[in-house]
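Enquirer: Once you have looked at the hints, place chains B, C and D on chain A.
4 protein chains.
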Amino acid sequence: MGEGEGEEKMVMEISLRETYMGEGEEEGEGEGEEKMAIEISLRDFSKKLEEFAKERDWEQYHTPRNLLLAMIGEVGELSECFQWKGEVEKGLPNWEESEKEHLGEELSDVLLYLIRLSDICGIDLGDAAVRKIAKNAIKYPPKIS
Amino acid sequence: MGEGEGEEKMVMEISLRETYMGEGEEEGEGEGEEKMAIEISLRDFSKKLEEFAKERDWEQYHTPRNLLLAMIGEVGELSECFQWKGEVEKGLPNWEESEKEHLGEELSDVLLYLIRLSDICGIDLGDAAVRKIAKNAIKYPPKIS
Amino acid sequence: MGEGEGEEKMVMEISLRETYMGEGEEEGEGEGEEKMAIEISLRDFSKKLEEFAKERDWEQYHTPRNLLLAMIGEVGELSECFQWKGEVEKGLPNWEESEKEHLGEELSDVLLYLIRLSDICGIDLGDAAVRKIAKNAIKYPPKIS
Amino acid sequence: MGEGEGEEKMVMEISLRETYMGEGEEEGEGEGEEKMAIEISLRDFSKKLEEFAKERDWEQYHTPRNLLLAMIGEVGELSECFQWKGEVEKGLPNWEESEKEHLGEELSDVLLYLIRLSDICGIDLGDAAVRKIAKNAIKYPPKIS
Chain A
265 MGEGEGEEKM VMEISLRETY MGEGEEEGEG EGEEKMAIEI SLRDFSKKLE EFAKERDWEQ
325 YHTPRNLLLA MIGEVGELSE CFQWKGEVEK GLPNWEESEK EHLGEELSDV LLYLIRLSDI
385 CGIDLGDAAV RKIAKNAIKY PPKIS
Chain B
265 MGEGEGEEKM VMEISLRETY MGEGEEEGEG EGEEKMAIEI SLRDFSKKLE EFAKERDWEQ
325 YHTPRNLLLA MIGEVGELSE CFQWKGEVEK GLPNWEESEK EHLGEELSDV LLYLIRLSDI
385 CGIDLGDAAV RKIAKNAIKY PPKIS
Chain C
265 MGEGEGEEKM VMEISLRETY MGEGEEEGEG EGEEKMAIEI SLRDFSKKLE EFAKERDWEQ
325 YHTPRNLLLA MIGEVGELSE CFQWKGEVEK GLPNWEESEK EHLGEELSDV LLYLIRLSDI
385 CGIDLGDAAV RKIAKNAIKY PPKIS
Chain D
265 MGEGEGEEKM VMEISLRETY MGEGEEEGEG EGEEKMAIEI SLRDFSKKLE EFAKERDWEQ
325 YHTPRNLLLA MIGEVGELSE CFQWKGEVEK GLPNWEESEK EHLGEELSDV LLYLIRLSDI
385 CGIDLGDAAV RKIAKNAIKY PPKIS
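The listed protein sequences derive, respectively, from chains A, B, C and D. Here the first sequence stands for residues 265 to 409, numbered as in the working numbering. Here the second sequence stands for residues 265 to 409, numbered as in the working numbering. Here the third sequence stands for residues 265 to 409, numbered as in the working numbering. Here the fourth sequence stands for residues 265 to 409, numbered as in the working numbering.
So that you can see chain A by itself, here it is in the shape it has in the complex (with noise of 0.2 Å):
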């Protein structure tokens, strides 16, 4: 890992604090936060986006089905990265570095509306995929090797 990773690591680390640290923040976030910005999990991120919401004044936005389609459109734009490529290999070895951050932006735009519609829909999303995925294990047992 190259010193410029750390450095980018470091920056998401001190935009992460801007964010998230303003005073009073609840729930005992602090000093660990740098750690969370490597393990922070999806439920991290659901009380992010809800003050997000609230310090914008938005909340009245953010109806099931208007993060639903929000959601669709940022579907769209991620279907765009990749629309006229033909098939595109593994690991994305053709790209240019400026269209990987790009993609990187719309499967995040994804993530955070499908992250706010399960928080606004009283649904833990965590929980449900742990739930999914044990569920698709039964339905499809490994193969025997």
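These aren't lab readings, by the way, just hints derived from the structure by calculation. A portion of the hints provided could be inaccurate.
Any copy will do: because identical chains look the same in the list, a pair fits if it lies in one copy or spans two.
The calculated lysine-lysine pairs, modelled on DSS-like cross-linking and capped at a C-alpha distance of 27 Å, are [claimed, not checked]:
| no. | residue 1 | residue 2 |
| --- | --- | --- |
| 1 | 407 | 396 |
| 2 | 354 | 396 |
| 3 | 396 | 349 |
| 4 | 407 | 364 |
| 5 | 311 | 396 |
| 6 | 349 | 318 |
| 7 | 354 | 407 |
| 8 | 403 | 349 |
Expert: Same frame as chain A, but now just chains B, C and D:
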């Protein structure tokens, strides 16, 4: 595969076991696993899904555009949960328990393919999402109240 | 309902009958109905779908966002036709006849909800599409060869 | 029908003539196309789009999965038209004229990629849709009143 990774996997498996193998599973979930669920990061899911694909010999199918289209298939199923309902209230007060369970599964399916797609593209989704939140915070400054 | 509209409906019904009620229907389609198929415009489909909804008391469900989400559900099913196939060649040379038949149904489902959505929004889809082609022709001038 | 609407249709016809009516236009289109602007069929659109791609050397990009992803990109843009609006009434009574115009464009974009995708897959979308309506009519018999 290193020591550390083995340990992590154990935590994941324990949390899976706690959530699914307990008797009297549904509805009243034990307080133990709530703590475990918090620990599951996007990166944990990513590793779990990689393993899951390996054990079933599915890696050959997991190309970026295959996974993207599979994810869009799940977005379609998610949309179907909401399609004939008119406007839906936050918290889904009028939904049957079975409908909520089903919704949780569809939300999960989108999440799991999104994580897998990101991984196959070589993108750390958690990092990208943290970065995107920070970018959005600059683009949309909080309302001064 | 005027004279003209009645006549148009008859044409539609005849073309439906020709396509479906003929013996020896599948694969080898009669040359008669090819001409009929040409006659079916988006506006004919629109009228047919309105009638279809009326006869089934479905109009109450056909709000813009309900129809949009239903259409997205069908886009998901369309995506599933292509999801594990890797790159697909023009004309689908390696697809089973039953897969093509299924694909035709999913393409149709998207089309029919798209037409119905347009109609419910008060938009003439055919006119709009003609206008969009003209706009695109200006935006992307043909290559001079 | 007001003066303005008549004019708009004429503009459309002119643009159609301009776009469609280059010399060496095959298929015997001609003076009848004023009527065609109203009765334009899916097959007409299909031919027009094929021509459009040829003239721009775009055929190389028009593979089934490329077109599918492009269509999904447009479905995303269509969803964005509706995303923060809450429930929307039939006929869009509270929408600005410019919003309706934009919506018409997004509906058209989905339609045009859908038609092109069908064509590239070797599927006659109009025939398939007529067949699907007939199948649905059997699956969901009309209510007896």
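Enquirer: Is it within, between, both or neither when you check residue 354 against residue 396 at 27 Å Cα-Cα?
Expert: The answer is both: 25 Å in one copy and 23 Å across copies each meet 27 Å.
Enquirer: Could you place residue 407 and residue 364 in one of the four classes (within, between, both, neither) given a Cα distance threshold of 27 Å?
Expert: Answer is neither; intra-copy 34 Å and inter-copy 31 Å both fail.
Enquirer: Should residue 403 paired with residue 349 be assigned to within, between, both, or neither, using CA atoms and 27 Å as the limit?
Expert: between (34 Å within a copy, 22 Å between copies)
Enquirer: Classify it for me, residue 396 with residue 349: is the Cα-Cα distance of at most 27 Å met within a copy, between copies, both or neither?
Expert: between (32 Å within a copy, 24 Å between copies)
Enquirer: At 27 Å max between alpha carbons, let me know whether residue 349 reaches residue 318 within a copy, between copies, both or neither.
Expert: So residue 349 and residue 318 pass the 27 Å test across copies only (19 Å; inside, 39 Å).
Enquirer: At 27 Å max between alpha carbons, let me know whether residue 407 reaches residue 396 within a copy, between copies, both or neither.
Expert: within (19 Å within a copy, 38 Å between copies)
Enquirer: Can you give me the call for residue 354 and residue 407, within, between, both or neither, at a CA distance of at most 27 Å?
Expert: within (23 Å within a copy, 34 Å between copies)
Enquirer: How do residue 311 and residue 396 come out at 27 Å by Cα distance, when the copy is not named: within, between, both, or neither?
Expert: For residue 311 and residue 396, the Cα distance is within 27 Å both inside one copy (22 Å) and across copies (15 Å).
Consistency note: the structure conflicts with earlier hint 4 alone.
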